[in-house]
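Just so you know, the protein sequences line up as chains A and B, in that order. When we follow my numbering, the leftmost residue of the first sequence carries the number 1, and every step to the right adds one. When we follow my numbering, the leftmost residue of the second sequence carries the number 1, and every step to the right adds one.
These are computed hints drawn from the structure, not numbers from a lab. The C-beta atom is built at its ideal place from N, Cα and C for all residues, glycine as well. Honestly, I wouldn't trust all of these hints.
What the hints assert, rightly or not - Only some residues are given here: those of chain B computed to face chain A with a beta carbon under 10 Å:
#1 55
#2 134
#3 142
#4 234
#5 366
#6 418
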Amino acid sequence: MPRGGQSRISIVINGDRVEVPAGITVAAALFNLGITALRMSVSGEPRGPVCAMGVCFECRVTIDSRPHQRACLTAAVDGMHIQTASTS
Amino acid sequence: MTGLRVDFYPEIVAADVAVIGAGPGGIAAAVSAAERGLRVVVMDRGLEPGGQIWRHKAGAAATPEAQPWITRLAASGARTINGTSVVDVRPDADGFEIIAESASRPLHIWAADIILATGARELFIPFDGWTLPGVMGIGGTQALIKSGASFAGKRVVIAGSGPLMLPVAASLADAGANLLLVAEQARRAAVAQFATGLWRTPSLLLQAAKYRVRFLTSSYTTGTWVTAAHGVDRLESITLTDGRRTWRHDVDVLCTGYGLIPNVEIARLIGCEIREGAIAVDNRQRTNVDHVLAVGEATGIGGAPLSLIEGAIAGSTVGSVEAPSGHLLRRRAALVGAAGRMLDVFAPREELRSLPHADTIVCRCEDVSFGAVQGAACARQAKLYTRVGMGPCQGRTCMPALDFLLAWQADSVRPPVEPALVSVLSSEVAGEATPSFPLTSSVGEAYQ
Numbered sequence: 001m002p003r004g005g006q007s008r009i010s011i012v013i014n015g016d017r018v019e020v021p022a023g024i025t026v027a028a029a030l031f032n033l034g035i036t037a038l039r040m041s042v043s044g045e046p047r048g049p050v051c052a053m054g055v056c057f058e059c060r061v062t063i064d065s066r067p068h069q070r071a072c073l074t075a076a077v078d079g080m081h082i083q084t085a086s087t088s
Numbered sequence: 001m002t003g004l005r006v007d008f009y010p011e012i013v014a015a016d017v018a019v020i021g022a023g024p025g026g027i028a029a030a031v032s033a034a035e036r037g038l039r040v041v042v043m044d045r046g047l048e049p050g051g052q053i054w055r056h057k058a059g060a061a062a063t064p065e066a067q068p069w070i071t072r073l074a075a076s077g078a079r080t081i082n083g084t085s086v087v088d089v090r091p092d093a094d095g096f097e098i099i100a101e102s103a104s105r106p107l108h109i110w111a112a113d114i115i116l117a118t119g120a121r122e123l124f125i126p127f128d129g130w131t132l133p134g135v136m137g138i139g140g141t142q143a144l145i146k147s148g149a150s151f152a153g154k155r156v157v158i159a160g161s162g163p164l165m166l167p168v169a170a171s172l173a174d175a176g177a178n179l180l181l182v183a184e185q186a187r188r189a190a191v192a193q194f195a196t197g198l199w200r201t202p203s204l205l206l207q208a209a210k211y212r213v214r215f216l217t218s219s220y221t222t223g224t225w226v227t228a229a230h231g232v233d234r235l236e237s238i239t240l241t242d243g244r245r246t247w248r249h250d251v252d253v254l255c256t257g258y259g260l261i262p263n264v265e266i267a268r269l270i271g272c273e274i275r276e277g278a279i280a281v282d283n284r285q286r287t288n289v290d291h292v293l294a295v296g297e298a299t300g301i302g303g304a305p306l307s308l309i310e311g312a313i314a315g316s317t318v319g320s321v322e323a324p325s326g327h328l329l330r331r332r333a334a335l336v337g338a339a340g341r342m343l344d345v346f347a348p349r350e351e352l353r354s355l356p357h358a359d360t361i362v363c364r365c366e367d368v369s370f371g372a373v374q375g376a377a378c379a380r381q382a383k384l385y386t387r388v389g390m391g392p393c394q395g396r397t398c399m400p401a402l403d404f405l406l407a408w409q410a411d412s413v414r415p416p417v418e419p420a421l422v423s424v425l426s427s428e429v430a431g432e433a434t435p436s437f438p439l440t441s442s443v444g445e446a447y448q
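Using the sequences and the hints given, assemble the complete structure.
Right, here's the structure in full:
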């Protein structure tokens, strides 16, 4: 256990390995990394979390190759691969 | 029974009572029923029991109010299934079959009685730029903070309505956010009237004061609302107005929302009567559908203390002819009165109806503009022509907004009430009659 007694886990976001606190949701982890656009809308607009409780479906990302997973309802797990929308 | 992938076989759980939703109301209902010896299953979309108000980070301790209930739930014998979305509810000869998706697997729950504790969500009113990343719900912001998000140093404005703004402002200040302004759309006189009314409930007044103390360095204003959000690919600034002048703030996050609305989709699917947007119940929390009860915010916005009482009433009477205790009924009556006064004060002002322009997106799932639906006679017609409300959220965000903007009546609810995997939608227990109680096993085992 590192300092502060809070264990950390390692996840992969858009190909980059990052360390995040255990127990965090995917939505919160992405927010903390400054990744605001999680998906592209049907007309190509970037979208991010709105309700953060599983209702609005705006925070959908691809998690371990499963598309359309709600980042706000998913706990980050060690080794998890997360792919967000590309805004470029 | 060959040729199908095992994922198509649902896990089956049989119970006396299925509780849908594990917020305070659902937990109190599950605890009360399970402690009477009933077999109870309580399911929830979230990662941990507690709902929105008692949300806490996975593995972390819950708040002092929540922890005793979560401990009691664990000890009650009720089975809690988190991470579960209800897709369909079908009545059958012995009760109900609830079809759900749990951890990407089909889950079927057979139950004699159902207690709906589906809670509430925020009402959003569309305005230009509200789809930009960085524009979030007020409750959504609270949920993100509780899920581990850091708002330290973020420039934040809260602009919306309702008592929820105070605890969220306090949380943001505690989290080190640069909270520039808290803007309540309701008029000063109305808010003052609400505050005066709180004298009748001193604990609420004390609570409000405690929240305000935590963000004293930020401004709080009434009669002010957001009219537009600006930015390219993410939120950069917002425009506010007090009806006379307009001004801008550069922000990283805008928290907005106009109070809470009951989640009634599953109730409507079952055929429960909805009155003024909430599930109609009698004094034993019974809906008009036999063996279906409802508690908490889904029956009318009233707060966690009221949800706990309603949960206890439902859990102590479900499946029996026992009357609820007079003590519980008296406490419920007192709390219902206080909640009713609150709703009138924070009703969205008339000006908010002219916030969206013709090209403002109202349906975020299908990117349907306000102009595209304005001419429709009803929700059904608009859906057929534009796909408004037909995306993954199933209209949960846009339809309440369109109800406010255009006075549309909600269209009928049909399964699936949430997007689900094909394996869940097609999961059937082929050739199996309704099981006799008790039965708690996966079909995988049962058919070996």
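A quick look at each hint next to the structure:
{"no.": "1", "hint": "55", "result": "holds, 8 Å"}
{"no.": "2", "hint": "134", "result": "holds, 6 Å"}
{"no.": "3", "hint": "142", "result": "holds, 8 Å"}
{"no.": "4", "hint": "234", "result": "holds, 5 Å"}
{"no.": "5", "hint": "366", "result": "holds, 6 Å"}
{"no.": "6", "hint": "418", "result": "holds, 9 Å"}
Violated hints are absent here; each numbered hint is respected by the structure.
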